[in-house]
Each structure stands twice: as C-alpha cells, then as structure tokens.
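Please model the entire structure based on the sequences and the hints provided.
Protein chains in written order, with our numbering: chain A, 667 to 845; chain B, 90 to 327.
Hints listed in this document are in silico derivations from the structure and should not be mistaken for laboratory results. Watch out, some of these pointers could steer you wrong.
To be verified - Distance windows between CB atoms, simulated:
| id | chain 1 | residue 1 | chain 2 | residue 2 | range |
| --- | --- | --- | --- | --- | --- |
| 1 | A | Pro719 | B | His202 | 28 to 38 Å |
| 2 | A | Glu839 | B | Glu158 | 42 to 52 Å |
| 3 | B | Gln161 | A | Glu824 | 48 to 58 Å |
| 4 | A | Glu824 | B | Glu301 | 30 to 40 Å |
Every residue gets a Cβ at the ideal spot worked out from N, C-alpha and C, and that includes glycine.
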Amino acid sequence: MSLIPTASQTVGPFFNFALTTNASLGVLARDGAKGERIFLSIRVVDGAGAPAPGDAMIELWQADAQGCYAHADPNFSGFGRLETDLNGCCTFETIKPGCVANGSAPHINVIVLARGLLKQLYTRIYFADDPANANDPVLALVPEDRRSTLLAKPIHGEDNTWSIEIRLQGEAETVFFDL
Amino acid sequence: MRKRVNEYPRTTPGSQPEYASPAYKSTALRAPSRPLIRLPHSLSELTGPVYGHNPIGPTDNDLTLHFPEPPQGERIIVAGRILDEDGRGVPNAMVEMWQANAAGRYRHQRDDHPAPLDPNFLGAGRMIADEAGNYRFVTIKPGAYPWRNHNTAWRPAHIHFSLFGPAFVTRLVTQMYFPNDPLIPLDPVLQSIPDSAAQARLVSQFDLSITEPEWALGYRFDLVLRGRRATPFEEAGK
Chain A
667 MSLIPTASQT
677 VGPFFNFALT
687 TNASLGVLAR
697 DGAKGERIFL
707 SIRVVDGAGA
717 PAPGDAMIEL
727 WQADAQGCYA
737 HADPNFSGFG
747 RLETDLNGCC
757 TFETIKPGCV
767 ANGSAPHINV
777 IVLARGLLKQ
787 LYTRIYFADD
797 PANANDPVLA
807 LVPEDRRSTL
817 LAKPIHGEDN
827 TWSIEIRLQG
837 EAETVFFDL
Chain B
90 MRKRVNEYPR
100 TTPGSQPEYA
110 SPAYKSTALR
120 APSRPLIRLP
130 HSLSELTGPV
140 YGHNPIGPTD
150 NDLTLHFPEP
160 PQGERIIVAG
170 RILDEDGRGV
180 PNAMVEMWQA
190 NAAGRYRHQR
200 DDHPAPLDPN
210 FLGAGRMIAD
220 EAGNYRFVTI
230 KPGAYPWRNH
240 NTAWRPAHIH
250 FSLFGPAFVT
260 RLVTQMYFPN
270 DPLIPLDPVL
280 QSIPDSAAQA
290 RLVSQFDLSI
300 TEPEWALGYR
310 FDLVLRGRRA
320 TPFEEAGK
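What follows is the structure, given as structure tokens:
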C-alpha cells in the first residue's frame, strides 16, 4: 500500500487555548541541566515588518550540550513550544546545543506555525561568531548573503541572551528549508 | 527516541497547499517569497521529540467531560488511525485537537464572533494513539463561523489536529472537515490544496461502526504521516 501524507492546513489564529497553555514548554533546560544556559528571544515579523501578534507559534527541537538528541539529562527536554506575544516575540530558556556531528555547528531546529501559513515553515537558528559555522554543511547550502538571517546575535548588556528575527517574507527574508 | 538511517520520502506534488494562496488573504504578507532550500535529512531532521512534558489525563480525549455539566450541541465521536505511507499504524503518536463550540465560537480572547460561549466547553483535547495508531475523541460537532477573509466568508465546520510522529519531519498540523458541508467548495483554506483527492482526504466520513447507538454519531478520520516501513529503525545512541 502506498498512501500520500495528509495535507497540512493552517494552525489558524485561535490555537493558544489548546496548544500553548503550558508555559513551561518555554523552558527546555531546568535547573541542573548540563551546558551553557541561554535565553533565546525570537521575534516573528511579516512581509510588511509587522510583528505576528499572538497568532504565531514557535517550536524548537535541539540537541543537548554534548550534541545528542537521545540525551539522558532529566533536566533537559530538547523540545520547546511558545506562542508569540502581542509584539510577535517569545523567549525560550535553554542551553546552547553541542555539535551534532563532525563538521556541524551548534544549531536549533525551528518550526513556525501561524495564521496565514498553510503549512509549517522549517528554519534553523545558529549562533553568530561561532567558529564552527564556517564548516557547517547546511550553512554551506545557503547563499552567503542570506546566512545572517539564520544567526542569533547576543544582546549587549544582557548575559547569555540571544535574539533573532524570523522574517516570513520580503527584504532579509529568513532562509526556510524544504525538508 | 528513535532515528531513521535514511531520508523520508519527499512531498507528492499537488498534495500540499502552497504557501502563497491569494484566495486566503492572510498568506499575502506571510508566505515566503524566496524558494525554500532543500536539505538532505540528517539527525536533526530524523529525530524528534518525545512529547512527555504534559501528562495526559484520563478524560483529555473526551471534551464532553471537562466540566460538571455537558456542553451544548450534538455529541459526536471522531476516531481513526494514524498511518505511515505504507499504511502501517504509527504507534504512540501524540494527537492534539481543538475546535469551536456548537455555536461556532472559540474559547479564545480574540474571537469576537457574536455567538455564545459555552461555559461547559473548552474545545481542546489530546491523547496518545495506541500501538496500532488508533485514536478516538468524544466531542460535540463544531459550528461554522464567519471570518473576514472576503464578503460572506464562513469557515466550514472543522476540527484542528496537531500530530507528532517519530521525527521532526513528520510534524503535521491540519484540519478535519465534515461530509456534505456546502461551505467546503467555498473555503479558501481547504481549496488551497491543488489536488482535489488530497482535499477530499481531509473530509471525515460518517461511520456507523464508530457510532454508538442511543448516544453519539461517529465520524472516521485517518491521518497519514510521512515515512515508510522499508527504512529500518534503530535506537539513536551516540
């Protein structure tokens, strides 16, 4: 038998009472998790530069500090999920992932769901100025002038806090992946 | 957690909506305008979360039991199987669903449709499908509701579904519709799917074998996640 995967439909604007009631899904690394603890602030904006006000959802999937997805750290989950606030922002508390394989740079896998997105968007978040970025095989597939759209940057004056904008469309549109 | 050694099959043309779908106006500023960059599947794509953060309660899949009194509306059963591309049940998939109430209103702070909220209906359920991929929800039939996409735009009655399969690439968020709904041919969200057979697979089927006599009508809705059996599974150890 050969079946065709079910078609995607938009998550719509009214998902939060079902999908994002558990704010603890914003905390991937609880106290005691091994690794470099970070705050990761993500802002989702549309093609006109307007934030997605409470009608977008971000899901994260990442390796632990040793680069393992099949991790054994009970204080680290690897999965996060938050809705954007009225400013289009959400902030996760996690650890900086390790390198998954030889040559890969630390990265977080991202799914974007929103009103107006008929199917999920896949992207990745890397960390600016990480020397491993130079050899990452996925970044190598991205035209050089667009790689910066995948780089979270440290927020000056705030320890261990990184931010990135996910631009759905237009100038400086984030690189999205076909998986 | 498990991993696959090889790639998942890629999307069949026409079976998924395009991001840019002019009839659905919210896509105008949100659909990416640049081509997606195709990635080979690595561990990052072939692994996926075990969704264990939220313990599932015993009544989480019966939306008529979330309050002391039953909700208003026509009680229904929605059941089916989570399958892979070989028609094999996907074991233990996390299934979440949510919907409007019988009057067509969501319990959401920004739903301003002038229809009554039901104090006895939240409209959100979840469960873990069994080893054979079977799931079953008891709920009430959601109402249609207007939206501002175009003049006299009404969404057909629908239930939202969210599923996690075994990998990051098996994530699926979709909507289930009801048979013989006159709004279906007019709905820009469902009509965004180019292939009409793929559209039709989002319409549930009335099913007497799911129906419970003297109690509730039954609807069957099967969902297919990406993936084939041919690829061996192995524990991801590193």
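Structure-based check of each hint:
no., hint, in the structure
1, A:Pro719 - B:His202: 28 to 38 Å, "19 Å, violated"
2, A:Glu839 - B:Glu158: 42 to 52 Å, "49 Å, holds"
3, B:Gln161 - A:Glu824: 48 to 58 Å, "49 Å, holds"
4, A:Glu824 - B:Glu301: 30 to 40 Å, "57 Å, violated"
The structure does not agree with the numbered hints 1, 4 stated previously, though it agrees with the rest.
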